[in-house]
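Visitor: Here's the letter readout for the chains.
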Amino acid sequence: MSAREEVLGRIRRALADVPPDERPADVPVTRDYLPEHTDPDPEAAAALLAENLADYRAVVHRVTAGQLPGCIARLLAGRGSRRIVVPRGLPEHWLSGVAPGVERLADAPELTHRDLDAVDSVVTGAAVAIAETGTVVLDASADQGSRRITLVPDHHICVVRVPEQVVTSVPRALERLDARRPLTWISGPSATSDIELERVEGVHGPRLLEVVLVTGTEPPGESGEVGAAGRAEEVGAAGGAGEAGERQEGAHDR
Amino acid sequence: MSGTYLGMPAFPKAAAVSTQQPTLRGNLTHATHTIREKRARAVGELADWSRLRAAGAAIKKRTLRHLDRYLEQVEERVTAAGGTVHWARDAAEAQRLVIDLVRATGESEVVKVKSMATQEIELNNALEEAGISAYETDLAELIVQLGDDLPSHILVPAIHRNRAEVRDIFRRQMGRWGRPAPEGLTEDPAELAEAARLHLREKFLKARVGISGANFVVADTGTLCVVESEGNGRMCLTLPETLISVVGIEKVVPSWQDLEVFLQLLPRSSTAERMNPYTSTWTGTTDEDGPREFHLVLLDNGRTDTLADTVGRQALRCIRCSACLNVCPVYERAGGHAYGSPYPGPIGAILTPQLRGTGTELDASLPYASSLCGACYEVCPVAIDIPEVLVHLRERVVEGGPATVRGQRTTLRPASGHAAERAAMRAATWALDHPGALRAGQRLAARSRRLVPRRLPGPGAGWTRSRDIPDIPPESFRDWWRRERGAGTADGPTGGEHGSDGSERGKGGAV
Amino acid sequence: MRVALFVTCVNDTLYPRTGQAVVTLLERLGVDVDFPEGQTCCGQPQFNTGYRHATEPLVHRYARAFEGYDHIVVPSGSCAAMVRDNYPRIGAKAEREGRGTELSEIAADVVPRTWELTEFLVDVLGVTDVGAWFPHTVTYHPTCHGLRMLGLGERPRKLLEQVRGLELKELPQAEECCGFGGTFAVKNAAVSTEMGLDKARHIEETGARAVCTVDNSCLMHIGGTLSRQGAEARPVHLAEILASTEEHPYGGLS
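Note that the protein sequences, when read in sequence, are chains A, B and C.
Just so we're aligned, residue 1 is where the first sequence starts under the numbering used here, counting upward by one.
Just so we're aligned, residue 255 is where the second sequence starts under the numbering used here, counting upward by one.
Just so we're aligned, residue 766 is where the third sequence starts under the numbering used here, counting upward by one.
Among these hints, one or two may not hold up.
Said to hold, decoys possible - Distance windows between CB atoms, simulated: (1) Pro-28/A x Arg-767/C: 36 to 44 Å; (2) Glu-175/A x Gly-918/C: 50 to 58 Å; (3) Glu-22/A x Val-876/C: 50 to 58 Å; (4) Gln-927/C x Ser-304/B: 43 to 51 Å; (5) Asp-797/C x Ala-677/B: 38 to 46 Å.
Said to hold, decoys possible - Mimicking DSSO-like on lysine-lysine, the simulated pairs with C-alpha atoms at most 27 Å apart in a straight line are: (6) Lys-315/B x Lys-858/C; (7) Lys-952/C x Lys-934/C; (8) Lys-952/C x Lys-292/B; (9) Lys-267/B x Lys-923/C.
To be verified - Computed from the model, here is a short list of chain B residues facing chain A with C-beta under 10 Å: (10) Tyr-259; (11) Asn-281; (12) Ile-313; (13) Asp-322; (14) Arg-343; (15) Asp-392; (16) Glu-448; (17) Gly-487; (18) Arg-528; (19) Thr-535; (20) Gly-538; (21) Asp-543; (22) Arg-663; (23) Gly-714; (24) Trp-717.
These are calculated hints, taken from the structure and not from any lab test.
Fair warning: this is a prediction, and the values are worked out from it, not measured in the lab.
Glycine is no exception: its CB is placed at the ideal position from the N, C-alpha and C atoms.
Please model the complete structure; the sequences and the hints are all you need to start from.
Guide: Okay, here's the thing in structure tokens:
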């Protein structure tokens, strides 16, 4: 007998107490838990998202659509990024303010893992963001790219459109997501508490996660005034970019 | 390379040693109390926690009662999405499957995400014997592997090590496995994590085979889900060309919607966070994204035996959050290694004797590794009544009875070594079923009460080594009542005389 | 109202004063309480050690002894929990073994009539001020079976708060098990001892003169540990505090 037949046979014998005509739906599952725990108002949800992201040490920026290219350019410059990787479907104008000297690699199968390891930053969109948990979810759509490009580089800039991509809760997020796509749920930068349960941010995934919450829409091509729109509001975590940057410097020294 | 649980002593003996190790005790007390409070805060944020918990338990109950159907659905959906499904009756079969799959790739190195199922089947040792090097990539698992040690906690396997010990292990061992620890490595956790990052990045970038477990397998979509913090999981799940996931058959949940319950229950119970840093889900394979080959190994290894026990079955609801370990006063003092299995603490005390049976002295001692205080049940996110199962398994140990072993119905004999206890229990029941005998025993004790030594011999020595025994009163309550209130009703006001109340012949003591 | 005292084998044999205190207290509250002499033990030690079949004669005995009473009052959280939680399980298992419904019927009959002392006072009699006087500092340890199996909640505390002269001291980590656990105390003596020492230390930290619980089994372990440590604090069952009045004060602390 194959292992498959044997294991299934064992299960059927083990369940001798289950009436043969019982169907799964006959076992009651009461879903009287809350579909969301927070105010569904879009502005309130966006504010909570920012707060919870920051609480888990992501750095959050809130901008208008017009400010977005300038914001991205500034974040890359602030990090000193010279080489970035970009999903193939990222709106072109998002990067319109990036300095010409910054090398852009496209997300492509030819790119080796080692190539990616030499990249400073990655810029992506998102599929959905969850306010209650401070989570952004990527679903490998064209503006997000393959899973590895948001993993190997040490700096991830993730753009979330407010309010349309923000939901309040985990149940609301799952409704929107397609299980057939590979999903990555990100809540703050990589972290560990494995040594004496002391939390350390940044192990294998990007050590700096910057989430840009962008409000309003703007037709492509009208976003040329980079930097002119002024500084974006930063809802920063304690010791955000600066500290992580210094830590990376230290790492390179060794 | 890594330790094994074979031949470990019974729980009380191992635990007694742990209680005398101040460093271990300090590490554990600090860690468990810290996370206990954090968990209480994270759970307290959700007003509907008890309803989520009930839903989680109900979903798992539904799954288990129709497990055959859901597993067939998993197989169909995973296959349709480009994966290959394998079935393993036991650890040896799962090891063989994995070894063959790795060999088929021509590789001799694999990277691993922390996985309870692969620890349970001792996969790393089997791979090593087959000439395949398996690199653990979770920081704590790396500490355990480099230290030639065993995990002692489900979530934080190196919880028994403090930062100085970790630094010493890294300095001593990293160079033998790959990139050595940086010069001048200190015991700062951030520096230690950085050393692990550098050491493991080499492995990730060149790895062609990854091995994982899974937290959930969604039947209606064929989706696997891995919940983690460090990003080593994402590395292993997305960078290699071949991914092999070894998953216990009880990890299935029926529908995609069900994740809305478990992705709220698990992080808050486990790391005490609103959400863990990374959760990955994947369905089969995806073109130009992640592994080109995906194998799912569905593991029985005692799970169907557990399923066959209508009381013990609930242990299969476990989502491996480790909340029960963190609140357990016994775990806190005994440490994880005393449980002799990758599943320590309260859940281990009910899971291990069901997966492995109660045949060894160690496994037969596990159901007794609890004061039945119930703190574990209270925090369990899927409402496993651990004390109920503990007592149920104690019965299996001392009374034997029907059980399923490797798929076969059988009648277990009582475990050896309990003959004296069984005789004492039966004598006590006899005496207690004869109030006259109880009274005679009490009077005998009262008459000789001045003669009771401060230190008792035999089994009582375990008590008096650290505790005084109470003074025996000159008169029992029932003698006081009879003296003060006259002979009352022997039984209820309407009941007659039953049993052998009048007998004064019994000499059995009640205590 | 026909009320029976189930004194429990431990109190009967080792702590008769607790039984006497319950009688005094209930009579003071106008309850006529009876002690059916056919009673012995609920069977908890046997059951919790795994000897379910050896427990069954004691289940039968309990049912016979208390037949016809409206209420059965138990000054022990764990014995009350044994009846309430485990008698139905014993009945269900006997049914599964094809031995009829008798034990299940017994459980269905005795469970609703069985009350832990503080439940009886607060829920049945509806009193929290029982007219007690106890001029000492007291710390309260909620025993595990009272706290988590019976769900006694605030009942013991409410009763203690009404006792004149009593000063309640908060016990650090009160909800942690004292380490008794029946045969656990002997089978895993080392761990049990460590738990007892920590509990004793926390009790001493309160500076209280007495430590009080609803269960003398736990107090035997706690008191035995305190005594061996040469500590000042003394174990006192809650019933003895509630029975104490200015006319007939508790004499165990002088």
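Visitor: Identify every previously stated hint that the structure contradicts and give their numbers, smallest first.
Guide: 2, 3, 4, 7, 8, 9, 10, 23 and 24
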